[in-house]
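S.K.: Here's the letter readout for the chains.
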Amino acid sequence: MKTSKLKAELPLHLLILPGLILVIVFSYVPMLGLVMAFQKFVPALGISGSKWIGWDNFKYLIDMPNMGQVIWNTIYIAVMKIIAGIIVPITLAILLNEIIHERFKKLIQTIIYLPHFLSWVILGGILIDILSPNTGIVNQLIKALGFEPIFFLGDNKWFPFTVVITDQWKEMGFNTIVYLAAITGINPSLYEAAKLDGASRLRQTWHVTLPGMRPIIILLVTLSLGQVLNAGFDQIFNIYSPVVYESGDIIDTLVYRLGLVDAQYAVATAVGMFKSVISLGLISLSYWLAYRFANYRIF
Amino acid sequence: MISRGQKIFIGVNYVFFIILSVVCLFPLIHILAISFSSSAAATAGLVTFWPVEFTLKSYDYILNKPEFFNSMFISFKRLVLGSAISLVLCLTIAYPLSKETKAFRMRTIYAWIFVFTILFSGGLIPGYMLVRSLGMLDTIWALVIPPAVNVFNVVLMLNFFRALPKELEESAFMDGAGHWTTLWKIYFPLSLPSIATVTLFTMVFHWNSWFDGMIFMNQVSNYPLSTYLQNVITSGSIISTSLTNLNDLKDISDRTAKAAQIFIGTFPILLVYPFLQRFFIKGIVLGSVKE
Amino acid sequence: MKNSKLSVIAAVLSTVVLLTACSGNGNSNTGGNTNTGKSSNEASSNSTTTNNSQQSVDIDPFGKYDPPITIDVAKASSANMRFGDGEDINNNVWQREYEERLGIKLNYVFASVFEGGAYDQKLNLSIASGDLPDIFQVNAQQLKQLVAAGQVEDLTEVFDQYTSEYTKSLYEDAGDSALLSATFEGKLYAIPALASSLDTAPVMYVRKDWREKLGLPEPKTMQDVIAMAEAFTNGDPDGNGVKDTYGIAFTKDAVVGTGFADLQGFMNGYHAYLNTWIEDASGNLVYGPIQPEVKQALQQLQDLYKAGAIDREFATKDMTKVGEDLSKIGIQFGQMWNPIMPMQGSVLSNPGSDWEPFSIVSIDDKPALASVVAPVVKYLVVRKGYEHPEAAIKINNLTYENLQGPNADYEKFGTNLDGQEGLHYTLMIAEPPLKNNTIYLKVNEALKTGDDSKLNSEMKITLGDITAYNNGDMNKWAGAKIFGPDSSQAVLNQYQLDGRIMPNSFYGGATDSMADKNASLEKLMVEVFTKIIMGDSIDNFDKFVEDWKKLGGDTITQEVNEWRAGLKG
Numbered sequence: 001m002k003t004s005k006l007k008a009e010l011p012l013h014l015l016i017l018p019g020l021i022l023v024i025v026f027s028y029v030p031m032l033g034l035v036m037a038f039q040k041f042v043p044a045l046g047i048s049g050s051k052w053i054g055w056d057n058f059k060y061l062i063d064m065p066n067m068g069q070v071i072w073n074t075i076y077i078a079v080m081k082i083i084a085g086i087i088v089p090i091t092l093a094i095l096l097n098e099i100i101h102e103r104f105k106k107l108i109q110t111i112i113y114l115p116h117f118l119s120w121v122i123l124g125g126i127l128i129d130i131l132s133p134n135t136g137i138v139n140q141l142i143k144a145l146g147f148e149p150i151f152f153l154g155d156n157k158w159f160p161f162t163v164v165i166t167d168q169w170k171e172m173g174f175n176t177i178v179y180l181a182a183i184t185g186i187n188p189s190l191y192e193a194a195k196l197d198g199a200s201r202l203r204q205t206w207h208v209t210l211p212g213m214r215p216i217i218i219l220l221v222t223l224s225l226g227q228v229l230n231a232g233f234d235q236i237f238n239i240y241s242p243v244v245y246e247s248g249d250i251i252d253t254l255v256y257r258l259g260l261v262d263a264q265y266a267v268a269t270a271v272g273m274f275k276s277v278i279s280l281g282l283i284s285l286s287y288w289l290a291y292r293f294a295n296y297r298i299f
Numbered sequence: 001m002i003s004r005g006q007k008i009f010i011g012v013n014y015v016f017f018i019i020l021s022v023v024c025l026f027p028l029i030h031i032l033a034i035s036f037s038s039s040a041a042a043t044a045g046l047v048t049f050w051p052v053e054f055t056l057k058s059y060d061y062i063l064n065k066p067e068f069f070n071s072m073f074i075s076f077k078r079l080v081l082g083s084a085i086s087l088v089l090c091l092t093i094a095y096p097l098s099k100e101t102k103a104f105r106m107r108t109i110y111a112w113i114f115v116f117t118i119l120f121s122g123g124l125i126p127g128y129m130l131v132r133s134l135g136m137l138d139t140i141w142a143l144v145i146p147p148a149v150n151v152f153n154v155v156l157m158l159n160f161f162r163a164l165p166k167e168l169e170e171s172a173f174m175d176g177a178g179h180w181t182t183l184w185k186i187y188f189p190l191s192l193p194s195i196a197t198v199t200l201f202t203m204v205f206h207w208n209s210w211f212d213g214m215i216f217m218n219q220v221s222n223y224p225l226s227t228y229l230q231n232v233i234t235s236g237s238i239i240s241t242s243l244t245n246l247n248d249l250k251d252i253s254d255r256t257a258k259a260a261q262i263f264i265g266t267f268p269i270l271l272v273y274p275f276l277q278r279f280f281i282k283g284i285v286l287g288s289v290k291e
Numbered sequence: 001m002k003n004s005k006l007s008v009i010a011a012v013l014s015t016v017v018l019l020t021a022c023s024g025n026g027n028s029n030t031g032g033n034t035n036t037g038k039s040s041n042e043a044s045s046n047s048t049t050t051n052n053s054q055q056s057v058d059i060d061p062f063g064k065y066d067p068p069i070t071i072d073v074a075k076a077s078s079a080n081m082r083f084g085d086g087e088d089i090n091n092n093v094w095q096r097e098y099e100e101r102l103g104i105k106l107n108y109v110f111a112s113v114f115e116g117g118a119y120d121q122k123l124n125l126s127i128a129s130g131d132l133p134d135i136f137q138v139n140a141q142q143l144k145q146l147v148a149a150g151q152v153e154d155l156t157e158v159f160d161q162y163t164s165e166y167t168k169s170l171y172e173d174a175g176d177s178a179l180l181s182a183t184f185e186g187k188l189y190a191i192p193a194l195a196s197s198l199d200t201a202p203v204m205y206v207r208k209d210w211r212e213k214l215g216l217p218e219p220k221t222m223q224d225v226i227a228m229a230e231a232f233t234n235g236d237p238d239g240n241g242v243k244d245t246y247g248i249a250f251t252k253d254a255v256v257g258t259g260f261a262d263l264q265g266f267m268n269g270y271h272a273y274l275n276t277w278i279e280d281a282s283g284n285l286v287y288g289p290i291q292p293e294v295k296q297a298l299q300q301l302q303d304l305y306k307a308g309a310i311d312r313e314f315a316t317k318d319m320t321k322v323g324e325d326l327s328k329i330g331i332q333f334g335q336m337w338n339p340i341m342p343m344q345g346s347v348l349s350n351p352g353s354d355w356e357p358f359s360i361v362s363i364d365d366k367p368a369l370a371s372v373v374a375p376v377v378k379y380l381v382v383r384k385g386y387e388h389p390e391a392a393i394k395i396n397n398l399t400y401e402n403l404q405g406p407n408a409d410y411e412k413f414g415t416n417l418d419g420q421e422g423l424h425y426t427l428m429i430a431e432p433p434l435k436n437n438t439i440y441l442k443v444n445e446a447l448k449t450g451d452d453s454k455l456n457s458e459m460k461i462t463l464g465d466i467t468a469y470n471n472g473d474m475n476k477w478a479g480a481k482i483f484g485p486d487s488s489q490a491v492l493n494q495y496q497l498d499g500r501i502m503p504n505s506f507y508g509g510a511t512d513s514m515a516d517k518n519a520s521l522e523k524l525m526v527e528v529f530t531k532i533i534m535g536d537s538i539d540n541f542d543k544f545v546e547d548w549k550k551l552g553g554d555t556i557t558q559e560v561n562e563w564r565a566g567l568k569g
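Chains as they are written, first to last, in our numbering: chain E, 1 to 299; chain C, 1 to 291; chain U, 1 to 569.
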C-alpha cells in the first residue's frame, strides 16, 4: 500500500525538487543573516565579528519617538490600501469585461497599466503640482464647484486618503489584469445557464462572475495581508513632508530617517523581522479562517 | 434585445474608461514632453503637455554611448533567461501544490515552506554574501537565479490549476499519462491566461529591476539597462557642470535626463504587452471547448 | 537631510572645480622638497621620464615604483562623468599619468556608482564580506568604523614624510580641522579630500529687476530685508495684476539646509546658527539651534508666513520644485553655486528676471557672521596590511600638483576644451580650499587692468564668459554671477576680508550619542521649527529646547566638549 502511494507521489516530489533546492539556497540560507537583528552590526566586522546585543535593537526601535503613532499610521494606511486594492480592481475588471469592443478593451488594459512604470520620484513632483491648493488642477475644479481648496499633501486629515488614492491610480492596472484573467477563466456555460434562468447582466455578475473570482480575491487579499506593515515606503517618502508626519509617517520612513541614513543594517534587519513576524501571524490567521469557514485552502 | 438601461450603461462605461485613460496617460505625456524640452524650460517648470524648446539632447546623450546598447542587450538576455527559468519553475512547483492532500501528502508542508520565504528575508548583506560565495558576482546568473522562484506567481498559478476540472487529470491517467505528461500536455495549454499573466509580471520585474544589477555587478559592462540608466545617467541631485559645458547644461538637466530614462526604460515592455494579451483570448477558447 | 546636503556640497564643489584654472597661486615654491628626498623630481612640467627612478625606498613624494605596482582601488564616480572616445575609467589621461609618473596602475574593483547611497551600499557590502580594496574612498562614518575595527593603516608617518611641499601648504590653508577630522587618538588614519569651507557660507540672492522696479534700496539690514520681502509680496513686482509673488523662498529642507533656499542665511542675521556648535561666553561648546536668538528669528519668520511673504506650501516643496517657482520669488538665502543650478534655467526662461548676490545682513549693529562648515566629506584610506601605504600619499600629491600646483597643466588634466573631464578621473577629487577665491581675485584683476597674462587658459575662458555676459549673452549669466564683479564669490571674499565668519567648532566624527540620537533630535527640530513658522505657538521653541536636552542633547554636548578637550591635549 504505502510503497505504491510513494511511487505515485514520487514524480510530484521530483517536480518540486528544483524549486525547493533553489528556495533553500537563496531564501533560507540568507535567512541565517537575521541574526544581525540581534547584533550591533558593523560592516567592518562582518556578521561573525559583530557583537551580540540581544533585544537592544528592538528596544531602540520601540523607543523611537512617536513609534506608537507611526505604527498606527502604518496599519491605517495599509488597511485602507488593501480595501481599495480589492474594490477598485475588481470593479474595473468587471466593467472592463463588459466592453465588447476588443481593441478598445486591450487599449484600456495597456493604458491603465502604464502608471505602474513611473517611479514615485517623478510622480512626487507631479502630484505636488496637481494637488497644489493654489494652482493645482484638482483644486481649480474643486473651487469651480464652489468648495474651499484642499491642501491634499499638507493636511493631516487628507493625507492618508491622498496616499491611498494615488497609490491605486498607479497600481490598479496590476490587480485588474489578474482579475481579468480570472474572469476569462470562468466557464461561459455558467453564464448561459444564468441567462436561461432570466438573470440580468447585473445578476449574472453577482451570481457568476464574483463567485468565479472568489478564489483569486481571497488569495490576493491574503497575500496583501502579508504586506500590511509595508504601507509603501517609496511612495510616502517622495510625497511626505514634516507637516504631515503626524498622519503620514510610517514605520519604514521613520526608521529610514532615524536609522538607515547612517547605514544601520542591524536596525533595518530588526524592523524587517518585526514586520515579518506580524505578517506571518496575519497570513496564518487568514489561511486558517478560509480553511475553517470556506473549506478553501488559499495555497 | 438590449434594454435602454443597458445602452446607457454601456455608454457610461465607455466614457468612464476614456476618462480613466486620460487620467492615467497625462502624467506620462507630461514626462514625455519634459524629455524633449530644454533643461532651462524644465527646471523653470514651464513644461506641461507639449515640449518647450524642443530638443533631442537628452535622448542623444543617453543613446550615444555604446555602453547603452550593451546594457540593453544584457537586459534582454536577462529577461529571456529569467522569464523562461521562472516560468518552468513556477509550473513545476504549482502543479504538485495544486493537488489534494490525499494525492500528495506533503503538499501543505511544502506550501508553507515556499510561502514562508515571502515573509522572511535575511536582507541585503547575507544575500550578497551568498551570491558572492557562489562565485556568481559579475555574471548574468546573479540576476536570474536568486529571484527565479517567485512564490507569489506560484500561488497564483496553483489556484488556476485548481480551477481546472478534475476529469481532465483522471482521463489523462486512464490514457496512461504520468504527471509530467499531464502537466505539459494538458495543464499547460489550458492555463495560458495565467501563464501570460505570470510571464508579463516576471518580464516587467526583470526589465525594471536595477538594484540587484548594481550590487552584484562590478563592471559597467555587465550592467543591465535599468542599472545603467539609474547609475550612469542620473544622479541624486545636481549634475556636475563646467563653464565650458554650460551650453550642454542648458539642454540637459536632471529632469530631462530622468524623463528620457523613463521612456527608454518603458518602451520595450509596451511593445511586448499587447502581444501577450492575445493569450487571454486564446485561453477562453480552449477553456470552453473542453466541456 | 544631512547626507543630501553633504552630497550636494560635494557635487557642487566638483562643479566649481571645473570653473577653474591653476591659479599660479605662488605660495609654494616648486623648488625642492624639504623632505629628505635627495632628488629633485618636481615636475618641471614635461620631464616626466626620469624622476629619480630609484626605489620607493627613497622618500620621494613623486617617487616612481619600478617595477610598477597594481593597486586595487575604489571610489565613487561623479554624475555625468564623460570620457573621450574609447576611454573609460581604466583608460584615460590620469591612468596613464599614474603609470608614467608613479609606476602605479589603478585597478577599480567596481566603478561607476555615485557618491552617497549607491557607493556606500557597495562599499559596505565589500567591507562586510571582507573584500577591502587596497586604497579606497570612504565617508566619515565608514572611516570611524574601519578605524575602530583596526582595518586601516596608520598614515601619520607616511603623510609627514611623503606629502609634497605644495600639498602641505594646501592643508595649512585648510586649517586644522581637515586633518583633525581624520585623526583618532593622535594618529592620522586617512587623507582628507580638501574642499573650501568658505564656499559653504550663505549668500543672499535678491531679484534685481523687482528691486529696481519697486525702487527699493540695496538691503543693508534685516529690517531692509523684511521690508523688501513684504514689498515683493504685495507690490505686484511682476506687474501682472495678480498677487502671486512671494517675498522669501524656503524649501522643505530649509532647516537642515541643502544650499538653496535655506534658513541659515536668515538665521545668521539674528546671530543664530543652525547645525553648528559655537562657543558660549564661558568658552564651552554649545549647540546653535537651541540658543535664544533662534527663537527671535522663528518669530519673525512666522510673521512673514502669516503675511503671505512665504509660500504657504513651502513645507511640501523640495529644491527642484522651489527652483521651478523662481520666477515668482524675490529673495532666497543659498550658497555661492546657486546661479548654475537652479537659477540659470529660470533666468533663461524668464527674460528680464535677474538676481544679485548680497552679503547677509544683521538685525542690529553687530555684524552678521556667515556660518561655514568644515566640508571634508571624503577620505582616502589604506587597508591594513597593504605594503605600499605611501602610494596613497603620492597619488594625492600628484592630483594637486597636476591640477593646481605651480607646474599644473589644467588643460590636460582638468577639463579640456572638448569637455573631457580629466578632473574626475583622479582617485579622489578634491580642490584646494582657496581655489575659487583665487580665481575670483585674479579674474577681476584682469577685468580691471585689461591684462590677462597672469591667467591660464581656463581662467581666460572665465574671463571671456564674463565679458560675453556683459555684452548680453545670457547663457553666461551663471559664470558672471559666481565669478564676476557683483558675484557670490565677491560676497564670500568680503566675508573673508572682514573676518565675518562663524565656523562650526565641532568637526570630529559623530560621537557615540550623536550616532544614536542625532537623527531623532534632528527630526524633532525640523518638525518643531517648521510648524512654528507655519503658525504654532512660539513657546513650542522653549519646549523643544527642554526636550532636546532631555532626549540626548545634554549627553551630546558633554561628549562634544570632551572631544574638544582631547584635541587640545
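Misleading hints may appear alongside valid ones.
[What the hints assert, rightly or not] Think about it this way: if two alpha-carbon atoms lie no more than 30 Å apart in a straight line, the pair counts; the simulated BS3-like pairs of lysine-lysine are:
(1) E:59 <-> U:366
(2) E:7 <-> C:65
(3) E:143 <-> U:243
(4) E:7 <-> C:102
(5) E:40 <-> U:549
(6) U:295 <-> U:328
(7) E:7 <-> C:166
(8) U:384 <-> U:187
(9) U:366 <-> E:143
(10) C:77 <-> E:195
(11) E:157 <-> U:168
(12) U:168 <-> E:51
(13) U:243 <-> E:275
(14) U:454 <-> U:168
(15) E:157 <-> U:295
(16) U:168 <-> E:59
(17) U:295 <-> U:366
(18) U:366 <-> U:168
(19) C:77 <-> C:65
(20) E:40 <-> U:550
(21) E:195 <-> E:105
(22) U:531 <-> E:40
(23) E:106 <-> C:77
(24) C:7 <-> E:106
(25) C:185 <-> E:5
Simulated from the structure, these hints should not be mistaken for lab results.
S.K.: Now, for every hint given, state plainly whether the structure supports it.
M.R.: Evaluation of the provided hints:
1. A hinted pair counts as satisfied when its Cα atoms are at most 30 Å apart, and residue 59 of chain E with residue 366 of chain U does not qualify at roughly 48 Å.
2. Among the hinted pairs, residue 7 of chain E with residue 65 of chain C is inconsistent with the structure: their alpha-carbon atoms are about 58 Å apart, more than 30 Å.
3. With a CA separation close to 18 Å, the supplied pair residue 143 of chain E and residue 243 of chain U stays within the 30 Å bound.
4. Simply put, residue 7 of chain E and residue 102 of chain C have alpha-carbon atoms about 14 Å apart, close enough for the 30 Å limit, and the pair holds.
5. This hinted pair checks out: residue 40 of chain E and residue 549 of chain U have alpha carbons roughly 26 Å apart, not beyond 30 Å.
6. At roughly 28 Å between alpha-carbon atoms, residue 295 of chain U and residue 328 of chain U fall within 30 Å of each other, so this suggested pair holds.
7. Simply put, residue 7 of chain E and residue 166 of chain C have alpha-carbon atoms about 21 Å apart, close enough for the 30 Å limit, and the pair holds.
8. For a cut-off of 30 Å, the pair hint linking residue 384 of chain U to residue 187 of chain U stands: about 14 Å separates their Cα positions.
9. Proposed proximity of residue 366 of chain U and residue 143 of chain E is contradicted: the alpha carbons are some 49 Å apart, above 30 Å.
10. Distance hint between residue 77 of chain C and residue 195 of chain E is unfulfilled; the C-alpha atoms sit about 49 Å from each other, more than 30 Å.
11. Restraint check: the Cα-Cα separation between residue 157 of chain E and residue 168 of chain U comes to about 59 Å, which exceeds 30 Å; the hinted pair is violated.
12. Annotation: proposed proximity of residue 168 of chain U to residue 51 of chain E is violated, straight-line Cα distance about 40 Å (limit 30 Å).
13. Of the pairs offered as hints, the one joining residue 243 of chain U and residue 275 of chain E is violated, with about 49 Å between alpha carbons and a cut-off of 30 Å exceeded.
14. About 24 Å separates the Cα atoms of residue 454 of chain U and residue 168 of chain U, which keeps this hinted pair within 30 Å; it holds.
15. Between the alpha carbons of residue 157 of chain E and residue 295 of chain U the distance comes to roughly 29 Å, so the proposed pair stays at or under 30 Å and holds.
16. With a C-alpha separation of about 48 Å, the suggested pairing of residue 168 of chain U with residue 59 of chain E is violated against the 30 Å cut-off.
17. This hinted pair checks out: residue 295 of chain U and residue 366 of chain U have alpha carbons roughly 18 Å apart, not beyond 30 Å.
18. Under the criterion of a C-alpha separation no larger than 30 Å, the hint pairing residue 366 of chain U with residue 168 of chain U is inconsistent with the structure, at around 36 Å.
19. Proximity of residue 77 of chain C to residue 65 of chain C is assessed by CA-CA distance (about 19 Å); at most 30 Å being required, the pair is judged to hold.
20. Between residue 40 of chain E and residue 550 of chain U, the direct Cα distance comes to roughly 25 Å. Compliance with the 30 Å bound is thereby established for this hinted pair.
21. A distance of roughly 24 Å separates the Cα atoms of residue 195 of chain E and residue 105 of chain E; the hinted pair therefore holds under the 30 Å criterion.
22. Taken as a hint, the residue 531 of chain U and residue 40 of chain E pair is broken in the structure, with Cα atoms around 35 Å apart against an allowance of 30 Å.
23. With a CA separation close to 27 Å, the supplied pair residue 106 of chain E and residue 77 of chain C stays within the 30 Å bound.
24. Taking the CA atoms of residue 7 of chain C and residue 106 of chain E, the gap is near 21 Å; set against the 30 Å cutoff, the hint holds.
25. Annotation: proposed proximity of residue 185 of chain C to residue 5 of chain E holds, straight-line Cα distance about 23 Å (limit 30 Å).
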